[in-house]
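Number of protein chains: 2
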Amino acid sequence: MVKHKTSALQENQGVSNSETTNASSIAKIKSNRKNTTDVDTLLSGILNRDITILSKSITLIESSLPEHAQKSNELLKKCLPHANKSVRIGITGVPGVGKSTFIEVFGSFLTSIGKRVAVLAVDPSSSITKGSILGDKTRMETLVKNKNAFIRPSAASDTLGGVARKTRESIILCEAAGFDVILIETVGVGQSETTVHSMVDFFLLLQLTGAGDELQGMKRGILEMSDAVVINKADGANLNLAKSTASDFKKTLHLYNEKPSGWIPKVSTCSAIENKGIEDVWSIIQEYLQVTSKNDFFSIKRNEQNTFWLTETIKNSLTSSFFNNKTVKNELEQQLKLIEKNKTTPFAAAEYILNIKTKN
Amino acid sequence: MVKHKTSALQENQGVSNSETTNASSIAKIKSNRKNTTDVDTLLSGILNRDITILSKSITLIESSLPEHAQKSNELLKKCLPHANKSVRIGITGVPGVGKSTFIEVFGSFLTSIGKRVAVLAVDPSSSITKGSILGDKTRMETLVKNKNAFIRPSAASDTLGGVARKTRESIILCEAAGFDVILIETVGVGQSETTVHSMVDFFLLLQLTGAGDELQGMKRGILEMSDAVVINKADGANLNLAKSTASDFKKTLHLYNEKPSGWIPKVSTCSAIENKGIEDVWSIIQEYLQVTSKNDFFSIKRNEQNTFWLTETIKNSLTSSFFNNKTVKNELEQQLKLIEKNKTTPFAAAEYILNIKTKN
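Chains A and B are the protein sequences, given in the same order.
Per full-length UniProt numbering, the very first residue in the first sequence carries number 1; after that it's consecutive.
Per full-length UniProt numbering, the very first residue in the second sequence carries number 1; after that it's consecutive.
A couple of the hints might just be wrong.
[As the list claims (entries may be wrong)] In silico lysine-lysine, BS3-like type, Cα no more than 30 Å apart, as pairs:
1) B:337 to A:85
2) B:329 to B:359
3) A:337 to B:77
4) B:85 to B:56
5) A:71 to B:341
6) A:294 to B:341
7) A:341 to A:359
8) A:315 to A:78
9) B:359 to A:77
10) A:326 to A:337
11) B:147 to B:115
12) B:294 to A:343
13) A:341 to A:294
14) B:326 to A:359
15) B:357 to A:78
16) B:341 to A:329
17) A:77 to B:326
18) B:337 to A:357
19) B:85 to B:276
20) A:337 to B:315
21) A:337 to B:294
22) A:357 to B:326
23) A:147 to A:85
24) B:343 to A:56
[What the hints assert, rightly or not] Among chain A residues calculated to face chain B with C-beta under 8 Å, some are:
25) 169
26) 310
27) 314
28) 317
29) 347
30) 348
Since the hints were made in silico from the structure, they are not lab data.
Please read all numbers here as calculations on a predicted model, not as lab measurements.
A virtual CB, placed ideally from N, CA and C, is assigned to each residue, including glycine.
Only chain A is shown next, with the shape it has when bound in the complex (with noise of 0.2 Å):
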C-alpha cells in the first residue's frame, strides 16, 4: 500500500520476519520485546530521562492488550505529579505546508536556548502493521540525532479518539521526562486540528504564500482556532507575497471576535529552509505565555481541557457500546428505514430503540 506523505513522522510498513529466522529465536525476542519492566523501574528510568525507558513507556500505554490496561493507568498515576510542567504547542498545516522543516528548524532553535522537545504527532489515518514499525524520521535528521529531542510517531487506532487518547498520555510521559516543550503535529485536513487544539496550550497554523487563494482547502474553523497564523517558504522571490500574505491574514483575523484568552492572533512570516523568522515565533508564544498566565487563562484552558476529555472519553464510551449493539443496529436499520417511508419520525424511532435496548 503507497500512503501518501502527510507526515513525517509517518510509519513505514512493518517488516516482515525473514524465512530463514529461527522459530524459537522469534519467540525469544518477541518475549523479550514484551513490557516485562515493573511500573517503579519504568518510572524511575522516565525521570532519570532515559529515552529508551520513555520510549518503552509510551509503547505500553500505546498498547490494547488488556493486561497493559493496569499498569499502564498506575504508570500515568504515578507521572502525573511530574508533569504538567511543558508548553504544549500544536502545529498544524495543509500537507506540502513545510510542517517537518519548520518543526526541525524550531525544534533545533529550541533546544539550543536549553530546552528539551519532545515532537509527537495525531494522524488518525495512520495505520500500524503487526510487525515492527519504523518512524519515517527523515526530514528530521538534525532533530533525531539531538539529545535534547525526542520524536514519536503518531499513535495508531481505529478511532481518532484512541489516537487523541494515546497522545494526551503521552504528553505526561514526556513532561515527567523533564520535556519542556512539547510540539504536537497534525495534518492539515479534518477533525483531528480540533483533537489537538483541545489538548495544547497554544496552537500555530503554518500557511503558505499566496493572496486568498490559501483559505482555500482549510474549514474556517481552524484560522478561527489558531493562535499564531505563521506564513513558511518567505523566501527568495516569494518574499514580497508572504508578506502580503500576511498582511491580508491580519485583516481576517481582525474581524473576528476576540478570545477569551485576551489573546490577540499573531501573525508572522518565517523560512524554515533559511532559518529566518524562527526565533519571532518563540516570541510570540513567549508574549502568550505571559498574557495568559497573568490572567489565569493558562490554567483555566487546562482544567476546560480535561473536563472536556473527560466527559468526552464518557459520552464517547456511552454512544459507542450502544450503537455497537446487535439489537440496536438491527432496530436502527429498521427504523431508517421506516422513516424514508414517512411511517415514523426520527424522535419517535429514536424513543422506540431506547426502549428496546432498555427492555434487553
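Given the coordinates of chain A, assemble chain B onto it according to the supplied hints.
Chain B in isolation, oriented as in the chain A frame:
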C-alpha cells in the same frame, strides 16, 4: 422581566388570573382548554386546513405532559404520509437586521403567488409562563391577518434540543395542513443556527450594510452554512453601500470550498421596507431547488437530517440520563478535583465513573 427583543415571534408575560374570578369557573375553563379532542378529529381538521385545529395540535405536541406524548406521537404518525411536500427555509441574522419585516414582506409575496406560508421560530431563550401565551405578532401585522399564512411563536423548552424537536414536529403538522413554504426564523446568535440548519432545505442569512464590519459578532460557521446572503435595508442613502457589501460577500463566499450540494451560495440585496428585491430571493431559492432536485441532493440532505436527528436524540438521551444520575454527579465532582490535583487523568477518571455506574 423585560426581555430584549430578538424576535417578533417572542412571547409576552402571561396574564395572571384575576382575583375576582370564581375558582370553579377557572377549573371549568382550564378543563375545556385541555386537549380532549381525539386524534382522528385533529387529523381531519389538519388535513382540512383548519388553522384552529392546527394550533391546537401544535400545542399538543409542545406539551410536556406524559399523557399527551402517546397521543402526540399517534397524530404525527398519521400526518407523516401527508408531510414532506414543502420547501423548508431557515432565516437568520443578528438582532436589528430586520428579520421580522423581511418575513412579513417575503411571506406576503409568497401568498400573492399562490403559496401557503407557515412561519415558525426557534428561540432557545424563550421562557414560558404558566398562564396564557400571547404571541407578539405586531411586527407582522399584514401576514398575521393573511388566511394563507400561519405564524407560530417558538416552542418553549429547557433545552435547545427540546425546542428543536418540537419545531421539527410542528413542521410535519404544518406540511400536512397544506403549507408549501415553511419559514423558520432563528435568532442570529449562538447554537440555534446549527439546529435550524439541520432541519431546513435552504438556509438564508440576512445581513446589514457595512464594509467588513458586518462579519463581526457573527460566527464564521454561519456564513459557511448559508445558501444565500441577502443584504437587507438596501434603500435610500444606504443603497450603494449595500451593493459594495454584497460584492464583499461574493468574494468571501468565493473562497469557500464547493458545497456537497454543488450549489454556489448567492448574494443579493433587498429592502424589506420598500418591498424591493424580494422576488429575487424567491428566484434564488427556486434555482436552488432545481439544482438540488436534479442532482438528488435535496432528498439526500433530508435523509441525512433524519439520520442526524435519530442518532442525536439517542445520544442526548443516553448522556443526559447518565450525567443526571446522582451517583455519577458526585463521582464526577470528586474525580475532577483529583484531576486538578494531578492524582488521576481524565481517561482513568472516565473509566472509574463508567465502572461505578455499571455496578449500580
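Now for the hints, and whether the structure bears them out:
1. For the hint pairing residue 337 (chain B) with residue 85 (chain A), the CA-to-CA distance comes to about 19 Å; that is within 30 Å, so the pair holds.
2. Distance hint between residue 329 (chain B) and residue 359 (chain B) is fulfilled; the C-alpha atoms sit about 15 Å from each other, no more than 30 Å.
3. A distance of roughly 14 Å separates the Cα atoms of residue 337 (chain A) and residue 77 (chain B); the hinted pair therefore holds under the 30 Å criterion.
4. Between residue 85 (chain B) and residue 56 (chain B) the alpha-carbon distance is near 22 Å, which keeps this suggested pair within the 30 Å criterion.
5. Of the pairs offered as hints, the one joining residue 71 (chain A) and residue 341 (chain B) holds, with about 21 Å between alpha carbons and a cut-off of 30 Å not exceeded.
6. With a CA separation close to 21 Å, the supplied pair residue 294 (chain A) and residue 341 (chain B) stays within the 30 Å bound.
7. For a cut-off of 30 Å, the pair hint linking residue 341 (chain A) to residue 359 (chain A) stands: about 26 Å separates their Cα positions.
8. Among the hinted pairs, residue 315 (chain A) with residue 78 (chain A) is consistent with the structure: their alpha-carbon atoms are about 26 Å apart, no more than 30 Å.
9. With a C-alpha separation of about 24 Å, the suggested pair residue 359 (chain B) and residue 77 (chain A) falls inside the 30 Å cut-off, and the hint holds.
10. For a cut-off of 30 Å, the pair hint linking residue 326 (chain A) to residue 337 (chain A) stands: about 17 Å separates their Cα positions.
11. Restraint check for residue 147 (chain B) and residue 115 (chain B): the C-alpha separation of about 11 Å stays at or below 30 Å, so the hint holds.
12. The straight-line distance between the Cα atoms of residue 294 (chain B) and residue 343 (chain A) is roughly 25 Å, inside the 30 Å bound, and the hint therefore holds.
13. Proximity of residue 341 (chain A) to residue 294 (chain A) is assessed by CA-CA distance (about 59 Å); at most 30 Å being required, the pair is judged violated.
14. For the suggested pair residue 326 (chain B) and residue 359 (chain A), the alpha carbons sit about 22 Å apart, so the restraint of at most 30 Å is met.
15. Our distance criterion of 30 Å between C-alpha atoms is met by residue 357 (chain B) and residue 78 (chain A), whose separation comes to about 26 Å.
16. The suggested pairing of residue 341 (chain B) with residue 329 (chain A) is violated, with an alpha-carbon distance near 41 Å, which exceeds 30 Å.
17. Distance hint between residue 77 (chain A) and residue 326 (chain B) is fulfilled; the C-alpha atoms sit about 27 Å from each other, no more than 30 Å.
18. A distance of roughly 34 Å separates the Cα atoms of residue 337 (chain B) and residue 357 (chain A); the hinted pair therefore is violated under the 30 Å criterion.
19. The suggested pairing of residue 85 (chain B) with residue 276 (chain B) holds, with an alpha-carbon distance near 28 Å, which does not exceed 30 Å.
20. As the CA atoms of residue 337 (chain A) and residue 315 (chain B) are separated by approximately 20 Å, the hinted pair is consistent with the 30 Å bound.
21. A threshold of 30 Å between alpha carbons decides the hint, and for residue 337 (chain A) with residue 294 (chain B) the separation of about 23 Å falls inside it, so the pair holds.
22. A distance of roughly 22 Å separates the Cα atoms of residue 357 (chain A) and residue 326 (chain B); the hinted pair therefore holds under the 30 Å criterion.
23. Distance restraint check for residue 147 (chain A) and residue 85 (chain A): the Cα-Cα separation of roughly 20 Å lies within the 30 Å cut-off, and the hinted pair is therefore satisfied.
24. Pair hint residue 343 (chain B) plus residue 56 (chain A) holds up; C-alpha atoms about 23 Å apart against a cutoff of 30 Å.
25. Evaluation of the residue 169 (chain A) hint against chain B yields a held restraint, the C-beta minimum of about 7 Å falling below 8 Å.
26. Because the closest C-beta pair between residue 310 (chain A) and chain B is about 4 Å apart, less than 8 Å, the hint holds.
27. The interface hint given for residue 314 (chain A) is met, as the beta carbon of that residue sits about 5 Å from the closest beta carbon of chain B, less than 8 Å.
28. For the restraint placing residue 317 (chain A) at the interface with chain B, the shortest Cβ-Cβ distance is roughly 6 Å, inside the 8 Å limit, so the hint holds.
29. Annotation: residue 347 (chain A) was flagged as interfacial toward chain B, and the flag holds, the nearest CB pair being 5 Å apart, inside 8 Å.
30. With 8 Å as the threshold, the beta carbon of residue 348 (chain A) comes within range of chain B, its nearest partner Cβ sitting at about 5 Å, so the hint holds.
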